[in-house]
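Turn these sequences into a full structure, and let the hints guide you.
Residue numbers (numbering that gives the first Met the number 0), protein chains in the order written: chain A, 0 to 362; chain B, 0 to 362; chain C, 0 to 362; chain D, 0 to 362.
Simulated from the structure, these hints should not be mistaken for lab results.
Quick caveat, the model's predicted, so the values are computed rather than measured.
Ideal placement from N, C-alpha and C gives every residue a C-beta, glycine not left out.
Mixed in with the good hints, there may be bad ones.
[Claimed, not checked] Partial selection, computed: residues in chain C whose CB lies under 10 Å from chain A: (1) 246; (2) 248; (3) 251.
There are 4 protein chains.
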Amino acid sequence: MSDNEQHPRRARDLGIVVGALPTGRHNAFTDVPGVRVGHTTIVDAPRLHTGVTAIVPDALGPDRRSLPCGLFVGNGFGKLVGATQVAELGAIETPILLTATLSAFRAADALVTHVLASPGHEETRTLNPVVGETNDGRLSDIRARPIAESHVLAALDGATADLPEEGCVGAGTGTVALGFKGGIGTSSRVVGGWTVGTLVQSNFSGTLIVRGVPIPADAVDEPTTSAGEPDGNSCMIVVATDAPLDARQLGRVARRAVFAMARVGSDFAGGSGDYALAFSTPGAPSSGTTPGTPARRVDDHDLDPVFAATMDAVEEALLNSLLTATTTVGHRGTAAAVPHDLVLRRLRAAGVLPQPSAGTPAS
Amino acid sequence: MSDNEQHPRRARDLGIVVGALPTGRHNAFTDVPGVRVGHTTIVDAPRLHTGVTAIVPDALGPDRRSLPCGLFVGNGFGKLVGATQVAELGAIETPILLTATLSAFRAADALVTHVLASPGHEETRTLNPVVGETNDGRLSDIRARPIAESHVLAALDGATADLPEEGCVGAGTGTVALGFKGGIGTSSRVVGGWTVGTLVQSNFSGTLIVRGVPIPADAVDEPTTSAGEPDGNSCMIVVATDAPLDARQLGRVARRAVFAMARVGSDFAGGSGDYALAFSTPGAPSSGTTPGTPARRVDDHDLDPVFAATMDAVEEALLNSLLTATTTVGHRGTAAAVPHDLVLRRLRAAGVLPQPSAGTPAS
Amino acid sequence: MSDNEQHPRRARDLGIVVGALPTGRHNAFTDVPGVRVGHTTIVDAPRLHTGVTAIVPDALGPDRRSLPCGLFVGNGFGKLVGATQVAELGAIETPILLTATLSAFRAADALVTHVLASPGHEETRTLNPVVGETNDGRLSDIRARPIAESHVLAALDGATADLPEEGCVGAGTGTVALGFKGGIGTSSRVVGGWTVGTLVQSNFSGTLIVRGVPIPADAVDEPTTSAGEPDGNSCMIVVATDAPLDARQLGRVARRAVFAMARVGSDFAGGSGDYALAFSTPGAPSSGTTPGTPARRVDDHDLDPVFAATMDAVEEALLNSLLTATTTVGHRGTAAAVPHDLVLRRLRAAGVLPQPSAGTPAS
Amino acid sequence: MSDNEQHPRRARDLGIVVGALPTGRHNAFTDVPGVRVGHTTIVDAPRLHTGVTAIVPDALGPDRRSLPCGLFVGNGFGKLVGATQVAELGAIETPILLTATLSAFRAADALVTHVLASPGHEETRTLNPVVGETNDGRLSDIRARPIAESHVLAALDGATADLPEEGCVGAGTGTVALGFKGGIGTSSRVVGGWTVGTLVQSNFSGTLIVRGVPIPADAVDEPTTSAGEPDGNSCMIVVATDAPLDARQLGRVARRAVFAMARVGSDFAGGSGDYALAFSTPGAPSSGTTPGTPARRVDDHDLDPVFAATMDAVEEALLNSLLTATTTVGHRGTAAAVPHDLVLRRLRAAGVLPQPSAGTPAS
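Written out as structure tokens, the structure reads:
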């Protein structure tokens, strides 16, 4: 980080708060009990800026072979591995990986390696690895497909329940969003005793909107260079919750996760692969020979708080993914971090944030 | 209209402009050549505030039995008549009606009557009427199902290519949106020589956002009364274009139409039926014995301007639906018109609109 | 019935048995506890041969507002009313009606009347009536839309748990299938302590196959006359079960129900609306304010017997719908009953049925 | 092949003909102009019986980046790579590979290697490889994932327009279907001047039916051993045609391809991944910067012959996949070839085939 480069800060650390609902302890995906996140970051500047992010539900193991999961494909210009079985069975049976487009299949193969080697999988002969991706080909030499099995295993093995790193890390190392450097972001909300956690890999086009205020990328002195790239790459969103939702309900949650992209200014370009996966950690179903623990059902009439929590947490995770990212000089261009002072100035001018009192740091 | 009631005004008449794309002549659905709109409004205050809106593509007739059409169901808590055949054949074969939930089936039956009596339909023995609906049960006695065949036929027969009436008219007579009186709204955009027109029936929950600025319903002196109604009723969106898109592409357009609801503050509640239909007027296919005129295809790579036009036109149509609606005292409560002066004051305070110079009318 | 006309007989009464699984008591839809079936038959020969069939789940009432339901659209050239909400909520909230295409909307409206007048629905202001249809326009003057509210209410009110009438009755009065007179058919299977009941409205094209043996329509002396009608009209299939399946699983069941049409020779013509609805009667969810009874879940690994039961019961219901139908002289042609003796002769020739011993009745 | 083992023979070589439509020259997938098929077969008995089958459309190249494609997921218990983008864009942009479940991701990665190295792809930074799979884990050590990049490239490079090898070859080397040794099968039909070609990888459960006559697996002296494997693995079906269909229409074709599995006795088990992809070779669209050649449209009313051709060709391809396969002793059991003489005997007994005259070979 150069002297004049800003320190990554989360939205709330800058005073930017989305919605009125309380967050979990870390304001992160990992606030959902039993889910962990790990990253492997690959940087060999300026040519390579890529990586892997692993989302690991602890409940998957010898006694529990699947978790309820819903999927929404907002725009299917993407290569999500595992989609049709998730839709059919309403379940995931592996951790979820995020990575770069052309490396998604290597990552899926490595995920198979990982699960086959896990306890209880000695006799497993079918498996549905789930791997999402976005295209980091502007900042990274995506054709090189640098993701190796070791990178995937490291992300899986290193997953923790701490606040995940955000910004230029893991699968977000080389992404660009809304004309700025994008990356990994996370947030959470607590409603009705349940936690909803979101994690995003932001890499899509449009004009950044922060709490209603546009922050055009060209307002920056040294803006992101496009290298003739088409706008619109993708956004992968993962939602986890300990609310005992079934797959159909989780599909409804996943839809709202994509809808929330509009709040930060996505233009939903045709070349963007916009996907959301939403899974639930409690009880049923166990798609194995051991019966799942019957779970209390949530009535569809009671889902609105979960929907609201999801949309707020996705919006904030997307903001976090940009605000924590740092300017990156890459393979085919440069992506500028969104300037915190610009954002704050505009939000203050719009009355969204109060004018700083004496003694408040500038950003 | 009482003395102190505001005059309905469209967003642009108040200086509120969505996006940079040019509009069509009327800034309306009917800017798309060959589509007409008609309304039948039923008011017997305070008990009945309901009606029918008819969207009539001229191209449907003896020589052309269908138009390409795509459908997106953002949230299927609704009763859209005709959905599965639209999805299968990628086509509509009748005008599209909008009305009140419990009257949708009477309206569909009347639409059958209308088409069977049309020239060229003497031997027609199958037909897929398309009827959308939202629930106007707060302001109208929806259980009475007051829509009769004559109301439907009047809307169809009265359809014109003029600027459609907006606000408390037709299927929007009794709707409530974002805590204010909703209704019918329309807007259009012109991109690449094509026109994209939108028409909405707004009736959904959330907090109104105008160009990024929240306008909470409780900021009003005499707010909308809820009568214990659940939030979230529905939003029907219809998009028409003369761009020669096929059904799959129109489905992509329809998705963006629903996504745009986020821009005005929809909370995408679980009880809201959020649907978009998008149809295309040129050439192919004729699903009859007469071959359709081969149409120039639009490459998917070239759809982004159409997507952008759709989202801007839906956003503005939704704003128009509220700004042109008037306070309505209904069957089970009152819905307040959104106060123009409040909106303008807030947009000026946020710097979205300039401060009025001397001589500018207050609203 | 003329002197030389055959008596309607069910497949099993002719010795034709599909599969090895046991049937329920009546070998009928109504073997599923808590479901009833009623018919209204409208005949004014030769012009009108139509009607309504009502499927009434007793569980729907003041305490239980919905039952889990899945839908599969094998070919969406049909007008199924209520489809999108069934898909969204995975539930039905009304009885299911079957009728003639152009009368489906009148029937839906009448179903709304019926439910609004039911105990506990005094305050109901939204409702998703579910009405399936096939096109009986060859034998009945479908443009006349003769179904009135009274016909629908009679079918609903007359529903019983007895063995439903089959053949030329209710919604099957005027249907034609596989070149013969079609109609209503029903069958059931018992697996793992659960009952699977099916009811079909057969009206589709192809070449009849009975247990693998083709029975071409032109093998008959006085075959069905086509009146220039396009082949392929539709098939509506309803499956009920007391297995506690959720909506996703019921969607899987519904898919198999349509797949089973291949066994009797459906050609899955493009103009045929081939739909299956599958619902489950136990416990959850109650989509109202009263929580649903938590139900034991069925693991997806345990569904294969249910799938097998469904396919066998649909196949047999389809055969029953033809074997119990009688030759009908209608509005635009005649539909010949499939001759039992021809079927038996061919099945014996193929070795599917044993040669009749002395004393066995010819058919 | 041991002395007493039967020679692989295609259905027609045994006198078994499906339907009345004419076949193409080879009665094979490759009868569609511009499509080639290649296999890499991996056998290291008894442990490994697996491979790769490549379907290569010549039209894909520098001037044409995509072909219209439809997908139907009959039962999504499978890992089809590339599904969501095929659905979104209605197109394939790579050859299609078939292989073994756990090797699908390695194969997809190798397919990326292949395409990136192709002329015109020097700047390609996104790609949607399409790889289908079924599970050959009974006869092959699937956990070993023996498919290497070289195997995939060999299948692609070796693809020809000749009659493809069938039976125990390529992706069909280790599959088991309907209680017998399955494999690769192919067939074609010519309708209305268009060719419809099918290629299947058969690996699913049920009871074999040949032209209506059941051939139970336990009628064989040395039947297939199950090794405790669950029934039901999968079936991948690929359909190609030179009819100028769009993606929606090809989706309708794909549905019929899966429906046709019922004709040979599939039980559509829940653990079976039953997928069909259907693509069209003419003209539009080119999803690149070069506009696609406008193609004559086919009206949906004219699709029935294509549907019939598809269903007949899938049925015959499935029969060919079994009749050309040979008994295989594998990793966890043995799969018996379906005995031709048994099939012929039963078909003659049922009157489906004539009794052999003197001089006709026994099988």
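Results for each hint:
1. 246: The hint holds - residue 246 of chain C has a Cβ within 10 Å of chain A, the shortest such distance being about 5 Å.
2. 248: Given a least distance of 9 Å, the restraint on residue 248 of chain C holds.
3. 251: holds, 8 Å
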